[in-house]
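Undergrad: If you're matching them up, the sequences are chains B and U in order. Using my numbering, read the first sequence as starting at 1 and increasing by one per residue. Using my numbering, read the second sequence as starting at 1001 and increasing by one per residue.
No wet-lab data here; the hints were simulated from the structure. Keep in mind that a hint or two might mislead.
[To be verified] Chain B stretches covered by chain U per the calculated footprint, using a threshold of three residues with CB under 8 Å from any CB of chain U:
#1 2-14
#2 30-36
#3 85-97
#4 451-462
[Said to hold, decoys possible] Calculated cross-link-like contacts (lysine-lysine; reagent style DSSO-like; alpha-carbon spacing at most 30 Å):
#5 K285(B) - K1006(U)
#6 K1006(U) - K289(B)
#7 K137(B) - K1006(U)
#8 K528(B) - K1060(U)
#9 K51(B) - K153(B)
#10 K1060(U) - K462(B)
#11 K1006(U) - K287(B)
#12 K287(B) - K137(B)
#13 K379(B) - K285(B)
Built from N, CA and C at the ideal position, the CB exists for glycine as well.
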Amino acid sequence: MADKIYRVNITDLTTSIEDVPADWAGLGGRGLTSTIIAAEVEPECHPLGGKNKLVIAPGMLSGTVAANSGRISIGGKSPLTGTIKEANAGGTAAQMLAKLGCKAIVIEGMPKGEGWYNLHITDDSITINEESELIGKGNFAIVDTVTSRMDEKHGIISIGPAGEMKMLSANISIKDPDSHVRSCGRGGLGAVMGSKHIKFISIAPTDAKVEIADQEAFTAANRAFTKALVDNPISQALGQYGSNVLVNIINESGGLPTRNFTSGQFDGHEKISGETMYDTIVERKGKPKHNCHKGCVIQCSQIYNDLNGNYKTSGFEYESIWAMGADCCVDDLDHIAEADHLMDDIGIDSIETSVAMGVAMEGGVLEFGDGAEVCRILKEEVATGSALGRIIGCGAGSVGRAFGVTRVPVVKNQAIPAYDPRSIKGIGITYATSTQGADHTMGYTIATEILGVGGTVDPLSKEGQVELSRNLQIATAAIDSTGMCLFIAFAALDDEHCLPALIDMLNARFGISLTADDVTSLGMSILKTEHAFNEAAGFTNVDDRLPEFFSEEPLAPHNVVWDFTGKEIDTFWDF
Amino acid sequence: MEITVKLFAYFRDGRFIEAASNVSEDTTPQQVITSLDIDLDDVGVIMVNHRHAALDYQLKPADILAIFPKIGGG
């Protein structure tokens, strides 16, 4: 059965299932979402208007038994940044859509009335249904209700109240195997889904399997690939401590943004660290290891229980913990976990919202360190859509404008995550040049600058940083198209068997003969497609800059400033 | 001379989080690591005073030596 494009027009409430155009056949994940957005969306359009589209695509290897291949990509024009956007997550949806033969879902148009809808997708249909019961409800209620309406085997893609209210930090949630949620977090794509009045998409389970052109070669390649992942010591540490193992090493390096980016070290780092989190999880009988999708062999997620041993949150990531922790000076993991849970339920990006809280603290809205007040604001202001809640829910830039704060850590209006670009300079190049606003995952130079993976580059020196960021951004665009989790990169950068095995799997899946150079070309082509969209939307090289406070305020303990010139940054695009 | 040694992740198991240590002049991180019975192959990153340092770096009085296994995230 050939893969199909499932199209939904929400203006006239029609659907269609189309053959995949030849140009799109070799694409998946981010490569496909960005290609469709670039082909079909007017770059100058309003992101929350009828001309924007929401595109949902499993990766090229999703639905196969390839280890760690369960990422789903969602794309559109971002209401937060105004750029093209792709956000990806684990959960069950990517594998389920791929098995149904769904190459992508394209949602277009604008509803004519006030009514809300859900979509239901099977192997030969996509239907639009009126929805009223779940309007105003959080993601956990959606999962519970849809499960009781259908069964627990259905996949769910949903938005919470933040998406309904079109808050610019609204995310899109993906149900995971334990009926919790993972998030396509960044850039406000939940608001795009909300603008189209779609509360959730349910995906029917199937026994179908994706077609593999050469099963024997695929199995052999997956065995080698899985071995590379499992043998990698960083994979093993991720399983034990989660990504939050980074708090202490980034703090030690002097690059942990603290108190709204005014220091590079946080006194309370030990209390929010991966080591403390691991001990807490074990003591409360949670699970240090947990997979967000079937087939993940790294298992960086976890089940974090509250003081009474009851489930509180999972997928408790370094960036969220840093943002609500060090950046807001909250040194209590339970407050951070409560906030993480609330943000998952409201359906709002935990990086953007937490950095927005840090800016709000500087603006005098609440005190630094007041984790209880953060949780109150999330519950009583953001979730209900009060005026303050909407200002915070529209991100760090929104809070800065509303409260007259100039130290606002954003690029293209998207919050800078957990690594200060003054003392870890390569990541600053990624923040500045990313096609999607500040985002560490676009080109994770931390691996080389701090962790010593894929070589070494001095984080405090400018030398080699543009090239490092460029190479990683190109590789990441390709990886984001395969459906692979980005954490395969640690093995890929240091184990010579990993990347060839991944390419072998792609070739065996589709009966093609890609080389490593082809994969690099794919990554370059995706970046150029995205960059061209942004230029047509009105962005120039002047938008590829960090906020001026980074150049003016030295960061302790190294007392360094951001010192790349615009001309130096612009060389990023010389390829 | 006295230095501070910090350990991270599973290097802490059965050892310590942070300790003052009296070492002879010109001691290197490699010597400290070996004295703690940590396998050199398990070491991912060494920092001295918040800067990355090599195994043969010559430690000075009051240095802060941080020793990490191979870890990652993001």
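Undergrad: Now, for every hint given, state plainly whether the structure supports it.
TA: Going down the list of hints, with the structure as the test:
1. Judged by the Cβ-Cβ criterion of 8 Å, the segment 2-14 of chain B is not covered by chain U as claimed, because only 0 of its residues qualify and three are needed.
2. By the rule of at least three residues with a Cβ nearer than 8 Å to a Cβ of chain U, the coverage given for the segment 30-36 of chain B is violated, with 0 such residues.
3. Against chain U, the segment 85-97 of chain B contributes 0 residues with a C-beta closer than 8 Å to a partner C-beta. That does not satisfy the three-residue criterion, and the hint is violated.
4. With 7 residues having a Cβ less than 8 Å from any Cβ of chain U, the segment 451-462 of chain B passes the three-residue criterion, so the hint holds.
5. A distance of roughly 28 Å separates the Cα atoms of K285(B) and K1006(U); the hinted pair therefore holds under the 30 Å criterion.
6. Note on K1006(U) and K289(B): the hinted pairing holds, with a Cα-Cα distance of about 26 Å set against a maximum of 30 Å.
7. Among the hinted pairs, K137(B) with K1006(U) is inconsistent with the structure: their alpha-carbon atoms are about 47 Å apart, more than 30 Å.
8. The hinted pair formed by K528(B) and K1060(U) fails the criterion: a straight-line CA distance of about 49 Å is larger than 30 Å.
9. Note on K51(B) and K153(B): the hinted pairing is violated, with a Cα-Cα distance of about 34 Å set against a maximum of 30 Å.
10. Between K1060(U) and K462(B) the CA atoms are separated by roughly 27 Å; this keeps the pair inside 30 Å, and the hint holds.
11. At most 30 Å may separate the alpha-carbon atoms for a hinted pair to count; K1006(U) and K287(B) meet this at roughly 27 Å.
12. As the CA atoms of K287(B) and K137(B) are separated by approximately 28 Å, the hinted pair is consistent with the 30 Å bound.
13. At roughly 27 Å between alpha-carbon atoms, K379(B) and K285(B) fall within 30 Å of each other, so this suggested pair holds.
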